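K.L.:
One-letter residues, chain by chain:
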Amino acid sequence: MSEIKSQEEQKVIFEKIRKDILRPVMSISYGYKLWVGILLTIIAVAVWAYYYQLRDGLMVTAMRDYVSWGMYIATFVFFVATALVGMLISAVVGLLGKKWIIPISRIAEMIALAFVMMAGIIIVVDMGRPDRLLNVFIHGRFQSPIFWDITVVTTYVTISMLLLFLPLLPDLGIMRNHLKKDIPAWQWNIYNILSLGWVGTPNQYKILHRTIRVLLVLIIPVALAIHTVTSWLSAATLRAGWDSTIFGPYYVSGAFVAGSGAVLIAMYFIRKAYKLEEYITDESFNMMGKLLVLVSLVYLYFNLNEFLVPGYKMKTADAVHLHTLFVGKYAFMFWATQIGGLFLPIFLSLFRKMRKPFPMMLIGIAVVLGAWFKRFIIIIPTLIHAHLPIQNVPQEFHEYNPTGIEITITIGVIAISVLIFTILVKLFPVIPIWETAHEKGVDIEKNL
Amino acid sequence: MHTIYKLVIYSSISLLWVGSVQAQNWTISEEERAMKMTVEYTEAIQTEGKAIFEKSCKMCHGDLIVSPVNDRVLPIAPNLGATSIQSANSDGEFYGKISNGKGGMPPFKAALSPDDLWKVIAYLRTSYAAYVPQGAAAPSEAVAIFEGTIKSLTTTFDTAAKQFVVQLNAVDLAGNPTYAMNVKVDLLFKTSFGYLPVAKGVKSNSKGQVLIADPNIQPDSTGHIIVKAQTADLAVSEEKVIAYGSPWVWDSPLNHRSLWGTSANTPIWLLATYLSVVLGVWITIFWAILQLFRIWMLRER
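Going down the list, the sequences are from chains P and G.
Letter 55 of the first sequence, counting from 1, is numbered 664 in my numbering, and no numbers are missing.
Letter 160 of the second sequence, counting from 1, is numbered 1105 in my numbering, and no numbers are missing.
Hint data in this document are derived by calculation from the structure and do not stem from the laboratory.
A hint or two may mislead.
Here are the simulated lysine to any residue pairs, SDA-like style, with alpha carbons at most 20 angstroms apart [stated by the list, open to error]:
id, chain 1, residue 1, chain 2, residue 2
1, P, Lys815, G, Glu993
2, P, Lys815, G, Gln1236
3, P, Lys815, G, Phe1231
4, P, Lys789, G, Ile1234
5, P, Lys815, G, Trp1232
6, P, Lys815, G, Ile1234
Keep in mind the model is a prediction, meaning the values are calculated, not measured.
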């Protein structure tokens, strides 16, 4: 907090912050409509494709007896991974008291919520008989990592929602108080109800701060659990490429990389579209770039362990698997992912000149693309090598080339998550007004 | 051309060929015909010969099975255990035939050394009871060879002595019941995937019994196994279910609390961990929701 300011000064500062941050909430730009239109079109096409999948069954995908987890599950892992950033940014960095995180934290939470919700949906998409979804719960086994995964994903969704909602309360109060004339009545009513009658008394702030703190601590183990359990879905088997003891931390560190990339992209476009250069500053990109380097180095370290150690021993099945990745069928995808999605981003982000908004956004895209393909590489090549020696299976079992329908549906589900995010950043202030004001020396308990 | 005609023409050509091949005669030189066995006619040599036979001959000729005449039809290789073949060939003639071959029978002159050839012949002769060893094979001391006929054999398990007893029922040349001594017997045990040898080529004692020590086999759940006893020349055999060991109940691990069992059989530690962690987390979540309610209670009225 800066030095004590006069009441008048505080009013002016607060007024400006409020106006700046709430401006996008009050109007819908042409670009925004176009963007939503594009997303809706993609989703509509995907729904049409999903109709075919529902009608004809999973036969319309390229999944067969060997590769029974394809693009969908790879995307599931990608979603869960990216969603982990909410916890990284708000809990880990936030609890450390890093101030630069304030304008970014809500973006991270919104990404987390949008992605983890879709993680649940794409599992249903992967089911041949979604009408039997309930059986997963009725006949679930406590011993099964899949059951644990369902548990942690639902828990994480709930906590993410709370962690998005709680810090939003003071802002909702502000919106209710100041926006009545500027927005349609229905929208104001939403804010009014959601604000839970927030007036910002010291008592309310006390409860708010304590609850947020508890949840921030709680979300750390839950978030670690969600991605560790996701990794166990594979690691608890004997398959080459999955049978690894470091899969938990390997996934978690990879998740931080993916999430940081997603946040960088979102930061860039939100800042541009909402003209928030004053809040999401070049310094924010600089710091996010440094964070990206840090988490990427950890991930690189786990990659080294994950590939060098089995590569040194070359056990029979591992050797076949590693050959496919290093020099075989998946070599191009593997090296493009490792170099374009990991080595290069680390290397480039080391330079101060690169840690500027535009280059960081490009690096973010490379990282996110790399993250998706990395999940593909983790899931599919392993499955292509049959675990049991079976002979004379149809040729199609030995390969996996996603069908058009599969790709369309996957892109559609990703589009839904982006749409959810797009709606969230429209409905609610992307930057916490009260925290930002507080940082600039405004006594937020008085100035509502 | 019509397929039928083709078939007729081809089959008559091949019949002609087979006929001409069979019409050929064995080329045996006078020298070969006069040869005498150069290896000893002992069990050790016969066993060596058997190994060679199994490697080089069995794929065509099959097992040596004692029968009066060859029971297989050419061009399939004949059953060399047939008494008609055994009696028709002198050792030298066998030697010549195997060395030079004929038609479907390949010449082994280059593949096998003379010693090996004789060893195989020594083995062939084990299926010929009336064989009189000659040359180096002539016995230095007489081995009591059983000369009667084995009628049947029957297997029992002697629980006290912990051994299988295979009893041979035989008659002598005059047709009177007798103990068959020095007859080789194999004992096999039936598994899901075929027969597993328990003992091979064990000789019967003076009471016509073959005693085989308990090999500790896992019986089925009712305490039975299926054994097959056969004379080494495969002339007589018997397959039989016998009581062996004690019945047992398979205690499936899935009936206990285990990681791989059903949900109802979740290990307690897992259930306790899962429930307490989930409960703890969700109590905290509900507490947080309650805080929302408290904030709402503090609103300005």
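K.L.:
Would you mind marking each hint as holding or not holding in the structure?
P.N.:
Here is what the structure says about each hint:
1. Between the alpha carbons of lysine 815(P) and glutamate 993(G) the distance comes to roughly 95 angstroms, so the proposed pair goes past 20 angstroms and is violated.
2. Restraint check for lysine 815(P) and glutamine 1236(G): satisfied, since their Cα atoms lie roughly 11 angstroms apart, inside the 20 angstroms limit.
3. Simply put, lysine 815(P) and phenylalanine 1231(G) have alpha-carbon atoms about 18 angstroms apart, close enough for the 20 angstroms limit, and the pair holds.
4. For the hint linking lysine 789(P) to isoleucine 1234(G), the alpha-carbon distance of about 27 angstroms lies beyond 20 angstroms, and the restraint is violated.
5. The suggested pairing of lysine 815(P) with tryptophan 1232(G) holds, with an alpha-carbon distance near 15 angstroms, which does not exceed 20 angstroms.
6. About 15 angstroms separates the Cα atoms of lysine 815(P) and isoleucine 1234(G), which keeps this hinted pair within 20 angstroms; it holds.
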